[in-house]
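The task is simple: from the sequences and hints, build the whole structure.
For the sequence shown, this note's numbering begins at 8 and goes up steadily by one.
Treat the hints with care, as some may be off.
Pair by pair, the computed Cβ-Cβ distance ranges are [unchecked claim]:
| no. | residue 1 | residue 2 | range |
| --- | --- | --- | --- |
| 1 | H437 | T119 | 53 to 61 Å |
| 2 | G62 | A616 | 30 to 38 Å |
| 3 | A616 | I191 | 23 to 31 Å |
| 4 | S486 | E202 | 37 to 45 Å |
| 5 | P203 | N239 | 55 to 63 Å |
| 6 | P538 | L299 | 49 to 57 Å |
| 7 | E202 | M492 | 28 to 36 Å |
| 8 | K533 | I439 | 28 to 36 Å |
| 9 | N403 | E202 | 27 to 35 Å |
| 10 | D277 | G413 | 25 to 33 Å |
| 11 | K427 | D233 | 42 to 50 Å |
| 12 | M492 | Q260 | 24 to 32 Å |
| 13 | Q260 | S486 | 16 to 24 Å |
What the hints contain is simulated information worked out from the structure, not anything from laboratory work.
Glycine included, C-beta positions come from ideal geometry on N, C-alpha and C.
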Amino acid sequence: MKRVIYVILVLLIVLGLGKACIRADIDESQMPVLRPKAVTIEENYPIEKNVAINGIDYLQSQAPVGKFGGTFVSSTIGEGPKTFNPFNSKDNISSQMSEIMYDGLVTTDPVTGDTIPKLAKSFTVNGKEYIVNLRHGIKWSDGKPINADDVVFTWQNIILDGFGNTSIRDSIVIDGKLPTVEKIDDYTVKFVTPEPFAPFLRMLSSPIAPKHIFEPAVKKGKAYFDGFLSTNTNPKDFVTSGAFRLKEYVPAQRVVFERNPDYYVINKEDKKLPYLDKIVYLIVGDINNQVLKFEGGELDEISLQGANVARFKEMEKHSDFTVYNIGPDTGTMYIAMNMNNRKNDKGKYYVDPKKQVWFQDKNFRQAVDYAIDRKNMVFNIANGLAEPLFTPETLNSIFLNKDIKGHDRDIKKAKELLKKSGFGWDKAGHLIDKYGNHVEFDLYTNAGNTEREAIGVMVKQDLEDLGMKVNFKPIEFNSLVNKLMATLDWDMVIMGFTGSPLEPNGGKNVWLSDGTLHIFNQRLEKDLNSPRYDFEKRLDYLYTQGALATNFEDRKKYYDEYQEIVYDEKPLIYIYSPIRIVALRNKFKNIYPTSLGGVTHNIEEIYQAEQRHER
8 MKRVIYVILV LLIVLGLGKA CIRADIDESQ MPVLRPKAVT IEENYPIEKN
58 VAINGIDYLQ SQAPVGKFGG TFVSSTIGEG PKTFNPFNSK DNISSQMSEI
108 MYDGLVTTDP VTGDTIPKLA KSFTVNGKEY IVNLRHGIKW SDGKPINADD
158 VVFTWQNIIL DGFGNTSIRD SIVIDGKLPT VEKIDDYTVK FVTPEPFAPF
208 LRMLSSPIAP KHIFEPAVKK GKAYFDGFLS TNTNPKDFVT SGAFRLKEYV
258 PAQRVVFERN PDYYVINKED KKLPYLDKIV YLIVGDINNQ VLKFEGGELD
308 EISLQGANVA RFKEMEKHSD FTVYNIGPDT GTMYIAMNMN NRKNDKGKYY
358 VDPKKQVWFQ DKNFRQAVDY AIDRKNMVFN IANGLAEPLF TPETLNSIFL
408 NKDIKGHDRD IKKAKELLKK SGFGWDKAGH LIDKYGNHVE FDLYTNAGNT
458 EREAIGVMVK QDLEDLGMKV NFKPIEFNSL VNKLMATLDW DMVIMGFTGS
508 PLEPNGGKNV WLSDGTLHIF NQRLEKDLNS PRYDFEKRLD YLYTQGALAT
558 NFEDRKKYYD EYQEIVYDEK PLIYIYSPIR IVALRNKFKN IYPTSLGGVT
608 HNIEEIYQAE QRHER
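What follows is the structure in structure tokens.
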């Protein structure tokens, strides 16, 4: 099997983010290639294989044998994780921390995208029935065995019973019915779905919890569980199955993980991995601090934004790191308007009624879309290392609707769309609606994310060309999430979703009308029975049928249509898809970047070699 290492091909002119404040017409002949092609270097990389030693079913790494010891230092933006409970995490950072500590039954092959065993030794699928065979003899980090009781408890008592973040549960509901799970024996579990359900096998990548640790918390109820294994928990209380376990958490400073001595992956000399002693995540305030810390030698890895790539690529020639281009990002960035027309518990509308009229108007949303200068953003913010995006599916998605071609900025068309809905302009050029109200609203994003902040400045300027008054307000991430998910008191926002290029069903909680991330028309529990827009009803149908279809071609028809609806209705307006660029210290070996897995997908195999100093 081959792994693909992507190496950046082109150097681009660095335009500082400060220049992003100025919108100007761009001579396309002077623009860099929007989606630079990468040079590929193919290497044979043997995949891990099952090995039984003294009755224990290990995964054996086939990568070159490395050295034990060393520390890998990475970083996170913002305030750090909100929880260490893998079932409570609702943000990327918390989820990332959880993935380090807890393994699922299966995982995704970072090269092929196939679903492959992890805690499971093997699995079989027969229509609605999934038989999972667990590894014999593997242990939790406290030495207790991992067995079928843990799997059944996790799925029945946590996931299916709706504890913590219910996004997984929501994604596997079929016509109001949930799968069943039962223990066949100590190392065999059977899942049965109500109907054949294409995404289910990949959903088995959800982390498995140690029953003896989590069961007491579950018995105390959902309110208690929401605070279980919080960031205040003593690291000694964590029992995990992943390559690393929590050692230390210092709020706003760092998260430290240490190797799990009972991990079930071994090298070709039958020694237990991982090689590294520690992984450290420094908590930094923003991307600029991240860059400074990498340049100062405090970080071993950094994801680069377009503005820094050319400089880092030049530095690479005489520095101790390599810059990798690993292809289109698996996440998306978008603009959303709050289309909510309901009231809170105090009888007050979540959204100002006059703004409701604007945001619920498809012509208004399309006008905003046509006013956005994506190419200018790609040029000035991403330095050409991106491509304009018009669909919810990522550019490397196997379900991408390639018939959706998008469009350039078109102010004339934007104004025509506004006129169709009765908008006009006063003598000063300010946009007014048909009732005489000046169009003014707040635009939010999370402070500290310099890329989104730069996008926000440009969006503000683009929309002001239509006569709109936009109050751009970057705010702290937790406060923003509270607005989006709890108080619902926001107008417009720039945010992003993580995605999967292999399975659209992961977006079910975004696109189903009662989904927990149905951000543009978020329904709290008391609002679940409120009326749906017609396009919401159609999305509900398409997402349900897309999961029930088992043939790829049939599934793609449903997902093609959902993308067409999103493109037409503009509940989310997609901006651009960045190319993922990562810089990594050369002292680390067994590095095999892939577009699906990133640079450190095989963290248990990565080791720190002795550093050589050339003179």
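Here is what the structure says about each hint:
no. : hint                     : result
1   : H437 to T119: 53 to 61 Å : 55 Å, holds
2   : G62 to A616: 30 to 38 Å  : 34 Å, holds
3   : A616 to I191: 23 to 31 Å : 45 Å, violated
4   : S486 to E202: 37 to 45 Å : 41 Å, holds
5   : P203 to N239: 55 to 63 Å : 44 Å, violated
6   : P538 to L299: 49 to 57 Å : 51 Å, holds
7   : E202 to M492: 28 to 36 Å : 30 Å, holds
8   : K533 to I439: 28 to 36 Å : 35 Å, holds
9   : N403 to E202: 27 to 35 Å : 29 Å, holds
10  : D277 to G413: 25 to 33 Å : 53 Å, violated
11  : K427 to D233: 42 to 50 Å : 47 Å, holds
12  : M492 to Q260: 24 to 32 Å : 27 Å, holds
13  : Q260 to S486: 16 to 24 Å : 21 Å, holds
Of the numbered hints stated above, those contradicted by the structure are hints 3, 5, 10, listed in ascending order.
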